[in-house]
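Q: Be aware that the sequence shown starts at 1, since it is given in full-length UniProt numbering, and climbs by one per residue.
By construction, these hints were calculated from the structure, which means they are not laboratory data.
Quantities reported herein were computed from a predicted structural model and do not represent experimental measurements.
Glycine included, C-beta positions come from ideal geometry on N, C-alpha and C.
Hints are supplied without guarantee of correctness; some may be wrong.
Unchecked claim - Between beta-carbon pairs, the in silico distance windows are:
1. D163 / I84: 16 to 24 angstroms
2. Y8 / K171: 27 to 35 angstroms
3. I175 / N68: 19 to 27 angstroms
4. I2 / K65: 30 to 38 angstroms
5. Y8 / S75: 21 to 29 angstroms
6. L9 / E107: 20 to 28 angstroms
7. K72 / I2: 32 to 40 angstroms
Said to hold, decoys possible - Computed list of lysine-lysine pairs in DSSO-like fashion (alpha-carbon distance at most 27 angstroms, straight line):
8. K99 / K131
9. K151 / K171
10. K57 / K12
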Amino acid sequence: MIKNLIKYLQKKSLKDKSFLYLFDEPPKGEYICLDCETTGLKPRKDEILSIGAVLIKDNKIIFRKNFNIFVKPSSNVNVESIKIHQIRPIDLENASEPKIAILKLLEFIGARPIVGYYIKFDIAMISKYTKKYIGIKIPNESIEVSSMYYKTKKRSSEYEFVDLKFDTIMKELNIPELGKHDALNDAIMTSMIFLKLKDKTPAKTTFYTN
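Given only the sequences and the hints, what does the whole structure look like? Please build it.
A: Structure (structure tokens):
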């Protein structure tokens, strides 16, 4: 009931009714896995620099259906953040304006659930822009792969530590690394994690309503 109320209020706050498709029934067996590269880890002040996303359909990664875009920041990227995300000023010379990038992303996602690694951060970053451009946070349900992985681990007690680092999960699940950690590659690798875990925790997949 609370979920329906939230959706009702979001629909009322939507500035442009052409985005009502975000509230449609999602296509069965389809998900969007995405990753964002950002200037920092604070959604309120930091900005998105690139977004990578890929379609998962019927337990397959549809590589030809991918989304990969650089987003123009409001100011020059500082040297310290370049060390983290590896995105250089030259990479951003032909970057898209934020509004264009975000609206294209929404069209790519549609009503599908969004899969990711620490996806709440990516959702918070994207929602900062969607709130500005269409009046609401992104309404799609989201699935956290680290939570799925956590639920597969047998522990002797509820206090036992479980390493949830991305590289650890990849190694434990015997998933090959694609090389460069950019937004699209990370989205594809996260898709592999999701598909590997999906059948292990079919009734335990963690959904979040944003």
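Q: It remains to establish, for every hint, whether it holds in the given structure.
A: Hint by hint, here is what the structure shows:
no.: 1; hint: D163 / I84: 16 to 24 angstroms; verdict: holds (21 angstroms)
no.: 2; hint: Y8 / K171: 27 to 35 angstroms; verdict: violated (44 angstroms)
no.: 3; hint: I175 / N68: 19 to 27 angstroms; verdict: holds (20 angstroms)
no.: 4; hint: I2 / K65: 30 to 38 angstroms; verdict: holds (33 angstroms)
no.: 5; hint: Y8 / S75: 21 to 29 angstroms; verdict: violated (38 angstroms)
no.: 6; hint: L9 / E107: 20 to 28 angstroms; verdict: holds (23 angstroms)
no.: 7; hint: K72 / I2: 32 to 40 angstroms; verdict: holds (37 angstroms)
no.: 8; hint: K99 / K131; verdict: holds (11 angstroms)
no.: 9; hint: K151 / K171; verdict: holds (17 angstroms)
no.: 10; hint: K57 / K12; verdict: violated (31 angstroms)
The earlier numbered hints that this structure contradicts are 2, 5 and 10.
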